[in-house]
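Colleague: Respectively, the protein sequence lines represent chains H and L. Read in order, the letters of the first sequence are residues 444 to 657 in our numbering. Read in order, the letters of the second sequence are residues 444 to 657 in our numbering.
Hint data in this document are derived by calculation from the structure and do not stem from the laboratory. Among the hints, a few may not be true.
Which copy is meant is left open, so a pair is good if it fits within one copy or across any two.
[As the list claims (entries may be wrong)] Here are the simulated lysine-lysine pairs, DSBU-like style, with alpha carbons at most 35 angstroms apart:
1. K496 to K628
2. K504 to K473
3. K628 to K476
4. K496 to K473
5. K476 to K496
Below are the chains, spelled out letter by letter.
2 protein chains.
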Amino acid sequence: MNQLQNILLPEPTLRRLPWYLAYVEILRGKRVKYVSSTRISRALSVDASQIAKDLSFLGVKGRTRIGYEVEDLARALGDFLGFTRTHRAYVIGAGSLGKALIRDSGLSNYGLEIVAGFDVSPAAIGRTDLGVPIRHIDEIYDAMARTPAEIAILTVPAEAAQESADIAIGAGIRAIWNFTPYRVKVAEGVVMANTSIYAHLALIYTRLASMGQQ
Amino acid sequence: MNQLQNILLPEPTLRRLPWYLAYVEILRGKRVKYVSSTRISRALSVDASQIAKDLSFLGVKGRTRIGYEVEDLARALGDFLGFTRTHRAYVIGAGSLGKALIRDSGLSNYGLEIVAGFDVSPAAIGRTDLGVPIRHIDEIYDAMARTPAEIAILTVPAEAAQESADIAIGAGIRAIWNFTPYRVKVAEGVVMANTSIYAHLALIYTRLASMGQQ
């Protein structure tokens with residue numbers, strides 16, 4: 444598995460794999476034993492040959508006329524995507540969204556363990572009701588020595604986004620998951636993922652407006 | 444403005460506009476009066492001519508040697524993206540993520556007002572501690588008559604995603620914001636936006652693994 448994971452998958456494939464997993468998990472819940480790429484294709488509107496190609500990256504091969512074994516496929520996808528291992532994260536910015544993510548226990552089902560939150564506001568620091576300690580951002584170096592994390596989830600105000608990312612990376616964080624609308628820049632070798640919830644909201648609003656019924 | 448909004452913007456432009464807004468808001472906070480596309484370009488690593496082109500969609504034009512007026516640009520972007528108007532939404536699925544989004548008061552700064560939550564679990568229904576009522580999904584028709592919403596935020600388990608979307612659309616919802624890993628299908632004319640947080644997690648995990656240091 445480790446060797447396979449060292450292949451840098453194309454991003455579109457990486458985006459589709461969680462769809463396959465979600466669908467296969469549903470089948471597993473229904474005690475379905477086998478699934479063909481044709482059936483996945485119909486359910487998800489993805490071309491069957493694309494599915495077979497995507498899954499071949501995982502080293503999973505379907506059998507002629509039978510398809511993929513549901514159990515095997517679910518396990519292979521979960522393992523490949525990293526959901527079955529624990530990855531430690533800090534939340535930087537314990538405001539509204541930061542607290543919400545800390546509280547979202549569902550993320551742990553996908554291998555994400557949030558071990559600490561950081562902020563600069565005296566009102567936030569020292570809170571203990573969220574399940575993880577909220578500490579001053581200056582303590583991130585100390586935290587990295589004691590309960591290290593690989594991922595920093597960035598939920599600070601936009602104006603603090605770049606500086607917060609720089610501090611986290613300086614302390615040894617290797618991946619930034621950016622929820623701010625600011626376009627954070629990182630050095631090569633640091634993993635960067637943007638979850639642009641505001642861009643998605645704008646997309647919804649403008650599409651609704653363009654339908655002329657708002 | 445309405446007329447401009449009826450232009451269906453290309454999605455890449457729509458993704459960049461919130462970056463510009465976030466940056467311009469920072470400048471506004473610093474009492475900066477004017478900003479050139481070159482300066483925005485340097486800050487965000489977007490080509491200056493692309494920025495000028497994107498902003499021309501809004502009918503905003505910079506002045507030679509002076510650039511854009513920061514106040515005007517911030518207002519034009521906020522208006523155009525729909526952040527300055529209120530859009531009502533329901534949260535379908537008051538589990539961990541659903542509750543987190545209901546609690547995330549920051550979304551209201553971007554024009555999103557969550558007015559009700561829906562679930563099927565007796566443990567969730569009737570809760571009043573989240574600030575909005577949590578009702579049984581069967582009551583969505585009644586809710587649409589009394590406190591209508593345009594947007595349904597989908598935070599149910601994957602196996603309930605399609606059915607929940609169908610119910611919401613049947614009740615009159617016009618846009619689905621899908622947070623589930625399931626690839627929900629909707630009829631033409633219904634707005635669909637996917638926020639694939641699990642895909643982003645997978646991207647982070649696999650990129651970290653491919654760097655061979657995990």
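Colleague: Would you mind marking each hint as holding or not holding in the structure?
Modeller: Hints versus structure:
no. : hint         : in the structure
1   : K496 to K628 : both (33 angstroms within a copy, 23 angstroms between copies)
2   : K504 to K473 : within (22 angstroms within a copy, 57 angstroms between copies)
3   : K628 to K476 : between (46 angstroms within a copy, 25 angstroms between copies)
4   : K496 to K473 : within (26 angstroms within a copy, 51 angstroms between copies)
5   : K476 to K496 : within (21 angstroms within a copy, 53 angstroms between copies)
The structure shown violates none of the earlier numbered hints.
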